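*Asks:* Residue numbers (our numbering), protein chains in the order written: chain A, 642 to 973; chain B, 642 to 973.
Please note: incorrect hints may appear among the correct ones.
In this list, chains with the same sequence are indistinguishable; a pair is considered to hold if it fits within one copy or across any two.
Simulated crosslink set (BS3-like; lysine-lysine; CA at most 25 Å straight-line) [as the list claims (entries may be wrong)]:
hint	residue 1	residue 2
1	K649	K907
2	K724	K751
3	K671	K727
4	K907	K655
5	K907	K708
6	K671	K842
7	K782	K923
8	K923	K907
9	K671	K724
10	K907	K782
11	K923	K756
12	K671	K717
13	K751	K727
14	K827	K845
15	K649	K845
These are computed hints drawn from the structure, not numbers from a lab. On a predicted model such as this, the values are computed, not experimentally measured, just so you know.
Here is what each chain is made of, one letter per residue.
There are 2 protein chains.
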Amino acid sequence: MIKTILLKNRPEGKPTLSDFEFVTEETELKINEGDILLETAYVSVDPYLRGRMSAAKSYIPSFELNKPIQSGVIAKVIESKNKNFKEGDFVSGMLSWKTKQVSTGEGLLKVDGSKASLSAYLGVLGMTGLTAYLGLNQIGKPVAGETLVVSGAAGAVGSIVGQIGKILGLTVIGIAGTDEKIEVLKSQFGFDAGINYNTSKDIKADIAKAAPQGVDIYFDNVGGPISDAVLFNINRFARIIVCGAISVYNDTELPTSISVQPFLVKNSALMQGFIVSNYAEKFPEAMQHLADWLAENKLTYTETVVDGFDHIPHAFIDLFEGKNNGKMIVKI
Amino acid sequence: MIKTILLKNRPEGKPTLSDFEFVTEETELKINEGDILLETAYVSVDPYLRGRMSAAKSYIPSFELNKPIQSGVIAKVIESKNKNFKEGDFVSGMLSWKTKQVSTGEGLLKVDGSKASLSAYLGVLGMTGLTAYLGLNQIGKPVAGETLVVSGAAGAVGSIVGQIGKILGLTVIGIAGTDEKIEVLKSQFGFDAGINYNTSKDIKADIAKAAPQGVDIYFDNVGGPISDAVLFNINRFARIIVCGAISVYNDTELPTSISVQPFLVKNSALMQGFIVSNYAEKFPEAMQHLADWLAENKLTYTETVVDGFDHIPHAFIDLFEGKNNGKMIVKI
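Here chain A stands alone, though its shape is the one from the complex (with noise of 0.2 Å):
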């Protein structure tokens, strides 16, 4: 029995369960030569899926509909007739959300779950962990000393980036919201300040309290109102990575915010937009850097982790009321 998730609907404002048609069929797979057949371990549900699921054109093709959906996968290979892949192995790539399914095993990674637990290759050593590196180094370029503002602090891609920014020398602020994620910032995370956006008073005015030197990098998970409150508090020469806008991907009318351009013009700061890929000739070495100071112990992850095939779009859908922990993943 093979269980498969489609697309239904395009969700209007935030996704539904509704938008979302399980299908199961009793056919067994069979593989051709050079296929390998998976078995779904882990599913990695992000906040980005959100856009594919809307018809815009963006930097990667639209979810058809009554499609399966795809996200970061870990699977176990069952059977192979593939030469560089053996039955017992698992594989990360993007992958359909199916509790089995056939592939060529172009674009899957082999992952060693001796050396880290398999889920990690989904958020710290897999795309989340490459997000925060290359976000943080390539556009933020930081600079020991100076003050890093993170928003969606709690999140997968957040906690990393604050994590990172510790190890490189960086003031660093978070912004989440909830008192216990500030909390687990702080004690868990190193972040240095944090700051709850759902019950600060006033969030410009505890920026500027955080960060008294002013802000210099800002690694923007969250875009809408925490955005511009920050804004108000960047330095000369800031650079502000344009990571992601949780806030607004749900909102059914075009969003807007404070102007930015009189901010940057009179800052001469930078607002760079980007997706991990754009770096992908930096993989290596940003993978080797995470997968070190994991083993040294020196960053540290959290997961949010559902139980079973059917929680997927659940699981999905509570990204957006920011009821994970690290980041999102089901186990199958």
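Fit chain B to the known structure of chain A by using the hints.
*Replies:* The following block gives chain B in isolation, referenced to the frame of chain A:
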């Protein structure tokens, strides 16, 4: 008799004549050893001066109340006790809005009226030309065949940006506020297309039509709704040069726009604010190119020359009505 223009009030919204005060002194100016006595010949009025009239912290200090305003000035040396200057020399520099003044010569450049008109040193061969050249090249990194959109295209900086774009092999689209200006952009400055934002029914659609391949570089002089419309048309890896935001300089409330973050992420696009002095080490190279192109008639410029010292404040205010074609200069 010496006339001086002081900043009397910090403008609220659009500057008015009552924000300026004229003072007339009957004294004769005496100069000490090392000084030069200057008689003002041309005064540059520029949108960025609006920023210096407010009290807000910026990249250059605010003008002080009841002190002379300063801007780019061409002046004639009428007496010299400084070996670097002789009577009859013309100099360019940041000087006060005074008919005569004493200087040590520090920060002043001698300019040669036989090579180009004196006023050109306030425009195409001055900060204006350098801003256009360095913003376009250092941030825009143009590649022949790409599409460039310029807002404020009939202004001093914009009209030079567009011409440099053509010299570098770009398709150039200008946005300006009257049909006459659009005609000048095309016939005099060689722009490929022009959009009149005052008569366009849908600026976003008109840009799409003029730039069927999308927009690779946007040289933004205006901010506001025009820049919002450009955002919808940017290509992957687009570069947005944020030079000015004249459309919002006089806003008394914090201006709002559509949120840029989703556009930047989706397109891995860059927005970079700058002031020309960031690239001071590139001035000689830039100046050489500008002077060569001017001599070869590859570059042309327009000036709106207003006559008489007493009209400086009025000329400045007219900038915000778009009454200038090209560089706005007051001839004394």
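*Asks:* Now tell me if each hint is right for this structure.
*Replies:* Each hint, compared with the structure:
When the C-alpha separation of K649 and K907 is checked against a cutoff of 25 Å, the pair qualifies only between copies, where the shortest distance is 23 Å, while the shortest distance within a copy is 47 Å. Taking the shortest Cα distances, K724 and K751 sit within 25 Å of each other inside one copy (13 Å), while across copies they are farther apart (75 Å). For a Cα distance limit of 25 Å, the shortest separation of K671 from K727 inside one copy, 16 Å, qualifies, whereas the shortest one across copies, 93 Å, does not. Taking the shortest Cα distances, K907 and K655 sit within 25 Å of each other only across copies (19 Å), while inside one copy they are farther apart (36 Å).
When the C-alpha separation of K907 and K708 is checked against a cutoff of 25 Å, the pair qualifies only between copies, where the shortest distance is 23 Å, while the shortest distance within a copy is 48 Å. Proximity of K671 to K842 under the C-alpha cut-off of 25 Å is found in neither arrangement, the shortest distances being 60 Å within a copy and 58 Å between copies. For a Cα distance limit of 25 Å, the shortest separation of K782 from K923 qualifies both inside one copy, at 14 Å, and across copies, at 22 Å. For the homomeric pair K923 and K907, the shortest alpha-carbon distance between copies (21 Å) is at most 25 Å, but the shortest distance inside one copy (32 Å) is not.
When the C-alpha separation of K671 and K724 is checked against a cutoff of 25 Å, the pair qualifies only within one copy, where the shortest distance is 17 Å, while the shortest distance between copies is 92 Å. In this assembly of identical chains, the alpha carbons of K907 and K782 lie at most 25 Å apart whether taken from the same copy (20 Å) or from different copies (22 Å). For a Cα distance limit of 25 Å, the shortest separation of K923 from K756 inside one copy, 21 Å, qualifies, whereas the shortest one across copies, 50 Å, does not. In this homomeric assembly, K671 and K717 come within 25 Å of each other (Cα to Cα) only inside a single copy, at 16 Å, whereas the closest approach across copies is 89 Å.
In the homo-oligomer, the alpha carbons of K751 and K727 lie at most 25 Å apart inside one protomer (10 Å), although the nearest pairing across protomers, at 77 Å, exceeds that limit. In this homomeric assembly, K827 and K845 come within 25 Å of each other (Cα to Cα) only inside a single copy, at 20 Å, whereas the closest approach across copies is 45 Å. Proximity of K649 to K845 under the C-alpha cut-off of 25 Å is found in neither arrangement, the shortest distances being 41 Å within a copy and 32 Å between copies.
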